[in-house]
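Start from the sequences, fold in the hints, and give me the full structure.
Protein chains: 2
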Amino acid sequence: MLGNFSYSNPTKLYFGEDSLDYLNTELPKYGKKILLTYGGGSIKKNGIYDAVVDILKKNDNEIVELPGVMPNPTSEKLIEGCQLARKEQVDFILAVGGGSTIDYAKGVSVGAWYDGDPWEKYYLKMEEPANRIIPVGSVLTMVGTGSEMNGGSVITNHAQKLKIGHVFGEEVYPKFAILNPKFTFSIPKRQMVSGIYDIFNHICEQYFSGSDDNSSDYISEGLMRSVIHASQIAIKNPEDYEARSNIMWDATWALNTLVGKGKSQDWMVHMIGQAVGAFTDATHGMTLSAVSLAYYRTQLEAGLPKFVRFAKNVWDVCPDGKSDRQVAEEGLAAMKRWMEEIGVSLSLAELGVKEEMWEGIAGATFILDGGYKVLTKEEVVQILKESM
Amino acid sequence: MLGNFSYSNPTKLYFGEDSLDYLNTELPKYGKKILLTYGGGSIKKNGIYDAVVDILKKNDNEIVELPGVMPNPTSEKLIEGCQLARKEQVDFILAVGGGSTIDYAKGVSVGAWYDGDPWEKYYLKMEEPANRIIPVGSVLTMVGTGSEMNGGSVITNHAQKLKIGHVFGEEVYPKFAILNPKFTFSIPKRQMVSGIYDIFNHICEQYFSGSDDNSSDYISEGLMRSVIHASQIAIKNPEDYEARSNIMWDATWALNTLVGKGKSQDWMVHMIGQAVGAFTDATHGMTLSAVSLAYYRTQLEAGLPKFVRFAKNVWDVCPDGKSDRQVAEEGLAAMKRWMEEIGVSLSLAELGVKEEMWEGIAGATFILDGGYKVLTKEEVVQILKESM
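Taken in sequence, the protein lines are chains A and B.
Those letters in the first sequence? Residues 1 to 388, per our numbering, in order.
Those letters in the second sequence? Residues 1 to 388, per our numbering, in order.
Quick caveat, the hints were computed from the structure, so don't treat them as lab data.
All figures in this text were calculated on a predicted structure; none of them were measured in a lab.
Among these hints, one or two may not hold up.
All copies of an identical chain are treated as equivalent in the list; a pair is satisfied when it fits inside any one copy or across any two copies.
Unchecked claim - The calculated DSS-like cross-link candidates involving lysine-lysine, where the alpha carbons are at most 30 Å apart (straight line), are: (1) Lys236 <-> Lys261; (2) Lys312 <-> Lys322; (3) Lys175 <-> Lys377; (4) Lys125 <-> Lys77; (5) Lys189 <-> Lys261; (6) Lys306 <-> Lys182; (7) Lys45 <-> Lys57; (8) Lys125 <-> Lys377; (9) Lys175 <-> Lys261; (10) Lys261 <-> Lys312; (11) Lys44 <-> Lys336; (12) Lys306 <-> Lys336; (13) Lys312 <-> Lys236.
Written out as structure tokens, the structure reads:
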């Protein structure tokens, strides 16, 4: 924990099979008029929508509907939500869905009472909110992004081919998150494994950086082992409550700032993945999985001690009689076998990337300097090529 | 994460070499009159007292002094503090010290405005506060108890030979905690290692319980590995900032409720250790270390899978060609070697326990049922005997 930092996280979590009941505890703390935002309507099929609306009605809440949040919420959709929230003067935003819906709710939260273009202010210029912020709460139905307990919000502008994430401060964190593992049972397996890889990669982005011997890295190793183990059970039986509940909890702690405290971080896999997402609209977690191995191979030599530690402490690679390089490579090989086992994408071509997009994607990739070796644009192109 | 639960933790942490400066951020949030409580005066020798008072004066705070908090704060001292806080109508309690001082501050926080005997209400009867609670903040100078980010408060009544911990709700958690690893450099090595074992045991108490395969156990394993590693550096060089900062952070997360979420817990080592403490006034962490191995041997058979996992994931015991029992025993043997290496007590006799106390200590031990095998009073006597 060499760094100086502060930690606090105001989000209250309600976890378990009965957790939706706690909406009754939380709703009375805010005003009566609720902006209810959600995605494509799957919550109407699986009963979650009815259960939520039932509680809202019993609490005499007035509901303003804002459906249709897409997997990669767009700047146009953001403006639509901001206008609606302001026109209706809602008191609270309840996001029912996965990370996209919660990310979107945060954008509306800070954008509704801003007089200009929220995309430009918060995402393109990365400015902080100075206007009224509408409080947000969430009912999680898909896990991965950790958006339920952080300030992160990713919005995509297709015209500009940009997918940008802004990490807002505590005042934008959801006030509460309701985490019922059973609500995640009905999502398609491909979405589940995409979320699982997103979780794993969040931990990697914070882990593969810095040479210090940090408590956060030990916590990360524990979380990675938990994700790996639970995913192997969930992939065989998606309705294994214990495995799905562990994955849900891991997702929250993978990206609520804890495991990054006191250390540097990388985030280049996310930068490349988000650029891929802006060009293809592919599922977020799959864009990360497709480019991860090629990216980490660029980091292996400069970050060798951490890759050796990763191999030993996360993948139980036995170091006896092997060079550090061999141990490190066995770690990445074990990671690849696990990725194949759970079925995440290892191919950008599969996600719709074509050779003629490489230059554009590399140009849209923000190059960060937290990793062991800072990339050039040419190296990003090379990673894309190797990830096809 | 099989269990249903809620999680939130309102304590704000400021970590690092410059963290005391944040007193300037926090103090203005509360009233002007500060009850400044601390221990035996070591903070006057190492400069921390002067630095704190300097900030209080610059913030125009009125200081009410409450020194002399002893390592195991007594019910008499509690009443003294409650009377002073009430008479002076203080707005805020600032605890500068280790777990004892913060535990004590919490007792004063809930006791000052209670009209009866705070020992009887909060500790003997374990009741919840219904009166005004004075907010508490802390500047940590010794690590171990995790009291800086939880609601725990342990008070000792010597007349009744009882040492009782009450875990209060969020409203009693410190509002903030200032964690500067350098503030822990000057404490004697024996206190340092006692704190280290206290941290390790907090994790064990939450880990060695339940057969479920819980994310919390994975996080616990990461934290245990971090404590072990950092302690081995700190014992050689107590001024290794990185090691001491990792230990400080591990202590907070070992007992701020995170690693116990969704699972059962044990806490029998603490129950026996606290009874020993009530009879001998021995240092808390040392009472735990002295009885731990004998206690865990009583649990090993019934909790074999968890002890096997502990051996493999925490101590890197190789399981090849060994029975589960052998692997589990090698784990406890590795733990014992580590305890010897860092120099915690493995003998109750050394702590002042005499044979004639065994019955009394066993009688004063609260028997809990969270472990793999619930003890009888006779088995507690046997543990004490084996721990001499």
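- Item | Same-copy or cross-copy closeness of Lys306 to Lys336 [CA-CA at most 30 Å] | both (17 Å within a copy, 29 Å between copies)
- Task: Up to 30 Å between alpha-carbons, please classify Lys45 paired with Lys57: within, between, both or neither.
- Result: Classified as within; 19 Å inside a copy, 62 Å across copies.
- How would you classify Lys261 and Lys312 at a CA-CA limit of 30 Å: within, between, both, or neither? both (23 Å within a copy, 27 Å between copies)
- Within, between, both or neither, where Lys125 and Lys377 count as close if Cα-Cα is 30 Å or less: within (22 Å within a copy, 67 Å between copies)
- Task: Pop the pair Lys312 and Lys236 into one bin, within, between, both or neither, using alpha-carbon distances up to 30 Å.
- Result: Cα proximity of Lys312 and Lys236: in one copy and across copies (26 Å, 25 Å).
- Quick one: Lys312 to Lys322, C-alpha cut-off 30 Å, is that within a copy, between copies, both, or neither? both (12 Å within a copy, 21 Å between copies)
- Message: Please sort Lys175 with Lys377 into within, between, both or neither, judging by C-alpha distance up to 30 Å.
- Response: Neither: 40 Å inside a copy, 46 Å across copies.
- Up to 30 Å CA-CA - Lys77 versus Lys125, copy category: within (19 Å within a copy, 56 Å between copies)
- Query: Is it within a copy, between copies, both, or neither that the alpha carbon of Lys175 lies no farther than 30 Å from that of Lys261?
  - Reply: Both: 22 Å inside a copy, 20 Å across copies.
- Task: Measure nothing new, just compare the shortest in-copy and cross-copy C-alpha distances for Lys306 and Lys182 to 30 Å and report within, between, both or neither.
- Result: between (36 Å within a copy, 27 Å between copies)
- Indicate which option fits the pair Lys189, Lys261 if close means a Cα-Cα distance not exceeding 30 Å: within, between, both or neither. Intra 32 Å, inter 27 Å, cutoff 30 Å: inter-copy only.
- Message: Cα distance capped at 30 Å. Does Lys44 pair with Lys336 within a copy, between copies, both, or neither?
- Response: neither (37 Å within a copy, 57 Å between copies)
The structure fails to meet hints 3 and 11 from the earlier list, while all remaining hints are met.
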